[in-house]
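Chains A and B, in that order, are what the protein sequence lines are.
So the first sequence is residues 1 to 374, counted in the numbering used here.
So the second sequence is residues 375 to 643, counted in the numbering used here.
Careful: at least some of the hints might be erroneous.
[What the hints assert, rightly or not] Calculated pairs, BS3-like style, for lysine-lysine (alpha carbon to alpha carbon, straight line, at most 25 Å):
(1) B/Lys466 with A/Lys7
(2) B/Lys466 with A/Lys155
(3) B/Lys412 with A/Lys155
For the record, the hints were derived by calculation from the structure and aren't laboratory data.
Since this is a predicted model, take the numbers as computed values, not measurements.
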Amino acid sequence: MNWLKNKDTLYGFLVILPSLVLLGIFVYGFILQTFYTSLTDWGRDPAQALSANPQIRFIGFENYRELFTGFVDARFRQDLVNTFFFTLFFILGCLGVGLGLAIVLDRSPKGEGFFRTIFLFPMSLSFIVTGTIWRWMLQPQGGVNQLPTLVGLPKGDFAWLTSREQIWQVSWNDLPFLTALVVSAVLVFIALGAFRSGERRRGFIASGSAALLLLWAFTLGRTLQPLPYDEPHGFNLAFIGIILAAVWQMSGYTMALYLAGLRGIPEELREAARVDGASEWQLYQRIIFPLLAPITLSAMIILGHISLKIFDLIFAMAGADNAPTDVPALLMYLTTFRANQIAKGAAIGMILLLLVAAVIVPYLYSQLKSEVRR
Amino acid sequence: MGRIVQYGVLFLATLFFLLPVYLVIITALKEPSAITLKDTWRLPERWYWESFAQAWTAFLPKLQNSFFLTIMATILSALLGSLNGYVLAKWKFPGASIVFPLMLFGMFIPYQAVLIPLFQFVREIGLGGTLWGLILVHVVYGLPITTLIFRNYYAEIPDEMIEAGRIDGAGFFGIYSRIVFPLSVPGFVVVVIWQFTQIWNEFLFAVTLVSSPANQPITVALAQLAGGEAVKWNLPMAGALLAALPTLLVYIFLGRYFIRGLLAGSVKG
Numbered sequence: 001m002n003w004l005k006n007k008d009t010l011y012g013f014l015v016i017l018p019s020l021v022l023l024g025i026f027v028y029g030f031i032l033q034t035f036y037t038s039l040t041d042w043g044r045d046p047a048q049a050l051s052a053n054p055q056i057r058f059i060g061f062e063n064y065r066e067l068f069t070g071f072v073d074a075r076f077r078q079d080l081v082n083t084f085f086f087t088l089f090f091i092l093g094c095l096g097v098g099l100g101l102a103i104v105l106d107r108s109p110k111g112e113g114f115f116r117t118i119f120l121f122p123m124s125l126s127f128i129v130t131g132t133i134w135r136w137m138l139q140p141q142g143g144v145n146q147l148p149t150l151v152g153l154p155k156g157d158f159a160w161l162t163s164r165e166q167i168w169q170v171s172w173n174d175l176p177f178l179t180a181l182v183v184s185a186v187l188v189f190i191a192l193g194a195f196r197s198g199e200r201r202r203g204f205i206a207s208g209s210a211a212l213l214l215l216w217a218f219t220l221g222r223t224l225q226p227l228p229y230d231e232p233h234g235f236n237l238a239f240i241g242i243i244l245a246a247v248w249q250m251s252g253y254t255m256a257l258y259l260a261g262l263r264g265i266p267e268e269l270r271e272a273a274r275v276d277g278a279s280e281w282q283l284y285q286r287i288i289f290p291l292l293a294p295i296t297l298s299a300m301i302i303l304g305h306i307s308l309k310i311f312d313l314i315f316a317m318a319g320a321d322n323a324p325t326d327v328p329a330l331l332m333y334l335t336t337f338r339a340n341q342i343a344k345g346a347a348i349g350m351i352l353l354l355l356v357a358a359v360i361v362p363y364l365y366s367q368l369k370s371e372v373r374r
Numbered sequence: 375m376g377r378i379v380q381y382g383v384l385f386l387a388t389l390f391f392l393l394p395v396y397l398v399i400i401t402a403l404k405e406p407s408a409i410t411l412k413d414t415w416r417l418p419e420r421w422y423w424e425s426f427a428q429a430w431t432a433f434l435p436k437l438q439n440s441f442f443l444t445i446m447a448t449i450l451s452a453l454l455g456s457l458n459g460y461v462l463a464k465w466k467f468p469g470a471s472i473v474f475p476l477m478l479f480g481m482f483i484p485y486q487a488v489l490i491p492l493f494q495f496v497r498e499i500g501l502g503g504t505l506w507g508l509i510l511v512h513v514v515y516g517l518p519i520t521t522l523i524f525r526n527y528y529a530e531i532p533d534e535m536i537e538a539g540r541i542d543g544a545g546f547f548g549i550y551s552r553i554v555f556p557l558s559v560p561g562f563v564v565v566v567i568w569q570f571t572q573i574w575n576e577f578l579f580a581v582t583l584v585s586s587p588a589n590q591p592i593t594v595a596l597a598q599l600a601g602g603e604a605v606k607w608n609l610p611m612a613g614a615l616l617a618a619l620p621t622l623l624v625y626i627f628l629g630r631y632f633i634r635g636l637l638a639g640s641v642k643g
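With the sequences and hints as input, model every part of the structure.
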């Protein structure tokens, strides 16, 4: 304990200690408590939920089992599917719009600063403000649906936010199988990358795991049925409006990231490629896009964790009680604070935490590792 | 040809980003009876400023709540973050490299995973439903990001300066108050802007922890107003403008620092 003798380091430690204790309690202590709560029956009986001293019993993973396989919790499973599609299209939208705008702005048009300001300003707004505005934009009989009439076309009649139509349905029972397929596809992709860069050991491990997983998927995976009946879930078209508003708000962020990346690519590199006879498209395809790949990855992670947690935008746009546009983050709030099913709310909170951690922990790890190396 | 495509894209994108703004402004300036779904995009026939007066009276107490909450929480979390960042940048204690990522993780967790114990805790210490409870929560969960920004900022201060201060006889606090703190102004600007925007715009904590309408921040009040069906749209639109204005002004006048905070929010060493 040599460092204790150094007075200044000791002061440093004492100064930061209160913050560490606070975060220890508010982050890790509370997570543990939520986890424990999720293993109890707190709130199953409504009278017990509201009593001052509820009798809480430990029931193990029952809440989780119900969420994934219970008859009454179909809404939660649809919410997971909703989150998946929302995240997918939100990320694709932001990356596409952001990259497009960055490429156009990178060619230094007149008034570049003005355009940049315009594209980025929604970022400064609250999701509640954005949601309120877009709720008005997407009124079924007005707003966006009236836009075509301005140029003499018939008005649109899409039921933004309220549509009950669903596409791309799959049965919840196919989920283990489909998940295994997706994971093995990712593993194969990793293996190919590893072989190409000469890391044979990594390549063999990845392709081996992919093969094992596929074997499992086609034998046991097919027989694993979480539900005794078919329960179809798909992409709710009511989400299109919310995705539109979310992209409106966040694509300025990806634009800023990509623009910084593009400006970092030395002009000589582009010149050299042009001298070698590369067309503009080849230049982007072969040189610029690969250089932007790390930016794409961090943008995907940041946007992904935002979209998994999204709550306020949907609350403001579609309201809390609109089932077609529900997500787990919103359902947790409703389950806990409206329905007083506290333990089940805690379980949803823990599932959300796992989803976010799966995205964020590897990211933090790699970011901090590369920082140490520097 | 390339030029035409370039400006065509810019024109369409500008339309996409500004159409909602146009709609908000003209709706807020229409008489309630003139707001019909069919004429959404039409300019008002008579400019009707009363909506703003109404929204102002309805939202003034909520705006005051938001200002009080945001300013207090921003100042406190910035000061704590500055001290923490100073320690982590210049006085690394053993284990700091493990503690720091554990701290950062707190920035990314979905708050749903801590909301239930948090709700109980705030109530048990007697701050349930008050703005002070909300301030406490924002200070604590703001610590990771403020610490991160200050740590990265202070890492740029050369160690030689700290060393020179020590030779002149200054200790931990002397170096902070005479060397580090005076150099911190740009760091504080970034942190204050980031925290101000985040706390002003926050909704989940506000809606769960503050139940009484008297203490509501503007985001909660706006969500409730817009959620009701009976209200005419001029009022929510005027309210949305009021709720957006403070952060929008910060962005317009201090955009450079705003973006720096934005990028710091996505970690980056």
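- Query: When you check the alpha-carbon spacing of B/Lys466 and A/Lys155, does it fall within 25 Å?
  - Reply: violated, 64 Å
- Does A/Lys155 lie within 25 Å of B/Lys412 when you go C-alpha to C-alpha? holds, 10 Å
- Is the Cα-Cα distance between B/Lys466 and A/Lys7 25 Å or less? Measuring from Cα to Cα gives roughly 13 Å; hence the hint holds.
The structure is inconsistent with hint 2 alone, although it conforms to all the rest.
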